[in-house]
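The hints should help you fit chain B onto chain A, whose structure is shown.
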Amino acid sequence: MNRPGPLPTVLTYLWLAVAAVVLLFPVLLTVLGGFLPSNALLHQPPQLLDGHWTLENYRAAWRQPVVPLAPAFVNSLFVGVSIMLAHLVTSCLAAYALVFLRSPLRRPIFWLFLATIMVPYESIVVPNALFVRSLGINDNRLSLVLPFLASGFGVFMLRQAFRQFPRELREAAVIDGCGHLRFLLTILLPATRPALIGIAVWSFLQGWNMYFWPLIISSSNNSLNTLQTAVFALKDNEGGSPAVLLAGITITLLPTLLLVVFGQRWLVRGFTAGAVK
Amino acid sequence: MTAPTLTATGAPAGHVDRPPEGARRTARPARAREALLGLLFTLPGLAGLGVFVVFPLFQAVYLSTRGNDILGNPTRSVGLRHFHELLTPAFGTVLWQTLVFTVLVVVPGVLLPLSLAAPMTQRLPGMRIFRTAFALPFAYSVSAASVVWLIMLNPGVSPVNWVLGLLGLPAPNWTTEPGWAMATVVGVTVWMVSGFNLLVLAAGLAGVDEEVLEAARIDGATGPRQFVSIVLPLISPSLFFAVVTTTLTALQALGQVQIMTDGGPNGHTRTLVYSIFDNAFHNNNSNFGLASAQGLVLLVVGVLIAVVQFGVLERRVHYR
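Chains A and B, in that order, give the protein sequences.
Each residue of the first sequence is one higher than the one before, counting from 1 in this note's numbering.
Each residue of the second sequence is one higher than the one before, counting from 1001 in this note's numbering.
Here chain A stands alone, though its shape is the one from the complex (with noise of 0.2 Å):
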């Protein structure tokens, strides 16, 4: 129905690969340029495609004693993991409370968590960064992760998913005995899988590339610098050589670069389902 003519055919195709030269050229300087002698890539324009491949930017990435990776990696990994089960817990719980639990106080409860979502982070930083400061966990990788533990956005969007599980399938359960805990665990959640599986990938990847809050908590303490802030911390470095920066952050991009390919699907099947339709 929708085929096209030779001419509009090769216009798409000519538009689509001009852009994508100038918006994945970052993307394969950063995957290409990791492996490059310098002297390769210090060239104008870089050549990519010199064919004297190394490892000796990720060795010297890896080992550099700056902001050593390997705690960053860590950090990041406990970061986003951590921010992932307790948005998955903290949104069932409460998305199914606000869908299938009656009780006065539901209504304010919603409003309640749907306010929370218009709150830019950063007018609260300040009061937080105190605040956690002030609880003497400054050496713990807990403070990274304290303030975002749950997400307005993420029982807003379960409770979309929720809401088109049929009633009837759980006034069934219920008459054949079936409690509130073990209905949501062995019925709704599997009947929710994608719609979990895409707040679980929108949430590893808001954890795993956060900048501002580890930026704050990693400025009084090195070892809970995150492969974000550690980033930033080599670039400033004098000796950060760009070949050495580009294999550091491939480092950082690998989980998240495979999200993105293999991903994608959950996310925009997540996101479509509760916020567009």
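Calculated directly from the structure, the hints in this document are not laboratory data.
Beta carbons: idealized from backbone N, C-alpha and C, even for Gly.
Just so you know, not all the hints are guaranteed correct.
[Stated by the list, open to error] A partial selection of chain B residues facing chain A, derived with a Cβ cut-off under 7 Å: (1) 1049; (2) 1052; (3) 1059; (4) 1156; (5) 1273; (6) 1288; (7) 1303; (8) 1306.
Quick look at chain B alone, frame taken from chain A:
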């Protein structure tokens, strides 16, 4: 499909609260138990958001009226002094630059992916590969994107400068020239948001019913006309979602400014969020009172924008 949702106002309100058949016969203790359980289930989420979102809002109001000692601990009340400090031309410039940055990011940040996603709906080989490829910038954190683009624009490497040279154009100092620094930071942000917006818009376009398009074609609407008067209204929920999320991303942008220009040159890329960061955390400035006051301004700006977007723009969105 259920109704519109980001506001939740469009959702059939009765649907949620309608008790299932037979619920009225349920005994009182069971109902109380259910209410209690409901509260219990929402408690973890409420606690997290209460302690780290709601309470800090009040604390921000308190802090914004306090001075602080050299370590940043709040001291005596200074009344509205911090807010008076915001009534200066300098802060006006910060607000103006925030607005300029946001508009310059949102418009191309939505139109560019739209211009890519629209031709990709044609039945041609390779379109899925293009979609995946164009989504890749979404994987970048703000620090990764900023540093990669600094290398992209570094005169010793810059493929951008190389192309300009081929065209016989001089290369600007991207991050240090007053006229260019804002454009550079905007460009990097547009690049970053284009990946996610492409996914959102492509999904919206994929949901457009072919039969509707065919009917429009029979009625004589083809090409650009069909796109503007049929396709755009049909994907308006996706467009609206992209506009709202991109606005928030732009309004809250920090890393690209802090890493690429550090607010410079001479304050030309200073935005509201950069200003908060600068006053509170940069170089141990620890001016938490002023930063809190600016945080409240950010909150008001954010809410105002949301009110306008949901009040004005969403009226024109056609949900199915």
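Each hint tested on the structure:
1. Annotation: residue 1049 of chain B was flagged as interfacial toward chain A, and the flag holds, the nearest CB pair being 5 Å apart, inside 7 Å.
2. Taken as an interface hint, residue 1052 of chain B checks out: its beta carbon lies about 4 Å from the nearest beta carbon of chain A, inside 7 Å.
3. A cut of 7 Å between beta carbons decides the hint on residue 1059 of chain B: the least distance to chain A is about 4 Å, and the hint holds.
4. At a threshold of 7 Å, the smallest CB-CB gap from residue 1156 of chain B to chain A is about 5 Å, leaving the interface hint in force.
5. Because the closest C-beta pair between residue 1273 of chain B and chain A is about 5 Å apart, less than 7 Å, the hint holds.
6. Satisfaction of the interface hint for residue 1288 of chain B is found here, the shortest Cβ-Cβ separation to chain A being roughly 5 Å, below the 7 Å cut-off.
7. A distance limit of 7 Å between C-beta atoms decides the matter here; for residue 1303 of chain B the minimum to chain A is near 6 Å, and the interface restraint holds.
8. The interface hint given for residue 1306 of chain B holds, since its Cβ lies 6 Å from the closest Cβ of chain A, which is under the 7 Å cut-off.
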